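Undergrad: Residue-level listing of the chains:
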Amino acid sequence: GIQVEQSPPDLILQEGANSTLRCNFSDSVNNLQWFHQNPWGQLINLFYIPSGTKQNGRLSATTVATERYSLLYISSSQTTDSGVYFCAPSAAGKSTFGDGTTLTVKP
Amino acid sequence: KAGVTQTPRYLIKTRGQQVTLSCSPISGHRSVSWYQQTPGQGLQFLFEYFSETQRNKGNFPGRFSGRQFSNSRSEMNVSTLELGDSALYLCASSSGQRNEQFFGPGTRLTVL
Chain A
295 GIQVEQSPPD LILQEGANST LRCNFSDSVN NLQWFHQNPW GQLINLFYIP SGTKQNGRLS
355 ATTVATERYS LLYISSSQTT DSGVYFCAPS AAGKSTFGDG TTLTVKP
Chain B
29 KAGVTQTPRY LIKTRGQQVT LSCSPISGHR SVSWYQQTPG QGLQFLFEYF SETQRNKGNF
89 PGRFSGRQFS NSRSEMNVST LELGDSALYL CASSSGQRNE QFFGPGTRLT VL
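Protein chains in written order, with my numbering: chain A, 295 to 401; chain B, 29 to 140.
FYI, nobody ran anything at the bench for these hints, they're computed from the structure.
What you are looking at is a predicted structure, and each value in this text was computed from that prediction instead of being measured.
Don't be surprised by glycine CBs; every beta carbon is placed ideally from N, CA and C.
Hints are supplied without guarantee of correctness; some may be wrong.
[Unchecked claim] Derived lysine to any residue pairs resembling SDA-like cross-links, with alpha carbons at most 25 Å apart:
1) A:K388 - B:G56
2) A:K400 - B:F88
3) A:K400 - A:E309
4) A:K388 - B:R43
5) A:K388 - B:N99
6) A:K348 - B:N99
7) A:K400 - B:R126
8) A:K388 - B:P133
9) B:K85 - A:I296
10) A:K348 - B:G31
11) B:K85 - A:G351
12) B:K85 - A:K400
13) A:K348 - B:G124
14) A:K348 - B:E103
15) B:K85 - A:Q297
16) A:K388 - B:E103
17) A:K348 - B:S123
18) A:K388 - B:I40
19) A:K388 - B:S79
20) A:K388 - B:K41
21) A:K388 - B:P67
22) B:K41 - A:P333
[Stated by the list, open to error] These stretches of chain B come out as covered by chain A in the derived footprint (C-beta under 8 Å, 3 or more residues):
23) 39-45
24) 94-104
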């Protein structure tokens, strides 16, 4: 199956700072999603991004499928951005989750 | 549109018992996938059902099984529970075409 590596594993920021989270995957994929898991365990959809770039407010994502990586950008971070961010590339109908990046935003 | 719902939200069982978890997908979605999340193993894919048929399966023992009904609601069953089965069980629904998944709030299972 697909191997997924997310970096960094942990990230601590001051409110207002920007950050970039990376997701590398080992094989060709049909699609890729980014999620934010809140403290109650709910996975919230951020982006469905098999390729290209998308933006949603302070968040944007870029997937370069040919080079097998995706990036999630968070600008002007807020304390409510804290949590775990997962990428999940999918191939042959199966999604594989990375270990996630734990983001802590301090006031 | 209502989101994905899972019941129950919390469950406590003892070793050796069995458990059934339920997932109702978003209206119109025909695919339901199940995942197990533990601190040690992360989020792992259990299986996917589409139109009442198991379409994909992860690497879990046969104690883990599932089914899907004609209204797309899905259940997963774990028999002969072990301590290591304590986890957050998440289900996700998708239309089955684009494979964009939407997750429910999860069922937190504790095995004592």
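Undergrad: Take the hints in turn and mark each one as holding or not.
TA: Here's how the hints hold up against the structure:
1. A:K388 - B:G56: Roughly 20 Å separates the two Cα atoms, so the pair holds.
2. A:K400 - B:F88: violated, 39 Å
3. A:K400 - A:E309: holds, 6 Å
4. A:K388 - B:R43: Judged against 25 Å, a Cα distance of about 30 Å means the pair is violated.
5. A:K388 - B:N99: holds, 22 Å
6. A:K348 - B:N99: violated, 34 Å
7. A:K400 - B:R126: violated, 37 Å
8. A:K388 - B:P133: holds, 20 Å
9. B:K85 - A:I296: holds, 14 Å
10. A:K348 - B:G31: OK: K348 of chain A and G31 of chain B at ~23 Å, within 25 Å.
11. B:K85 - A:G351: violated, 36 Å
12. B:K85 - A:K400: Violated - the C-alpha atoms of K400 of chain A and K85 of chain B are around 40 Å apart, more than 25 Å.
13. A:K348 - B:G124: Given that 25 Å is the threshold and the Cα spacing comes to 22 Å, the pair holds.
14. A:K348 - B:E103: violated, 35 Å
15. B:K85 - A:Q297: Holds: K85 of chain B and Q297 of chain A sit about 17 Å apart, inside 25 Å.
16. A:K388 - B:E103: holds, 19 Å
17. A:K348 - B:S123: Within the cut-off at roughly 21 Å; holds.
18. A:K388 - B:I40: With Cα atoms ~29 Å apart, K388 of chain A and I40 of chain B exceed 25 Å; violated.
19. A:K388 - B:S79: holds, 16 Å
20. A:K388 - B:K41: Measuring from Cα to Cα gives roughly 29 Å; hence the hint is violated.
21. A:K388 - B:P67: Satisfied, since the Cα-Cα distance of roughly 21 Å is no more than 25 Å.
22. B:K41 - A:P333: holds, 24 Å
23. 39-45: Our answer is that it is violated, as 0 residues pass the Cβ test (under 8 Å) against chain A, missing three.
24. 94-104: violated (count 0)
Hint check: violations occur at hints 2, 4, 6, 7, 11, 12, 14, 18, 20, 23 and 24; the rest are consistent with the structure.
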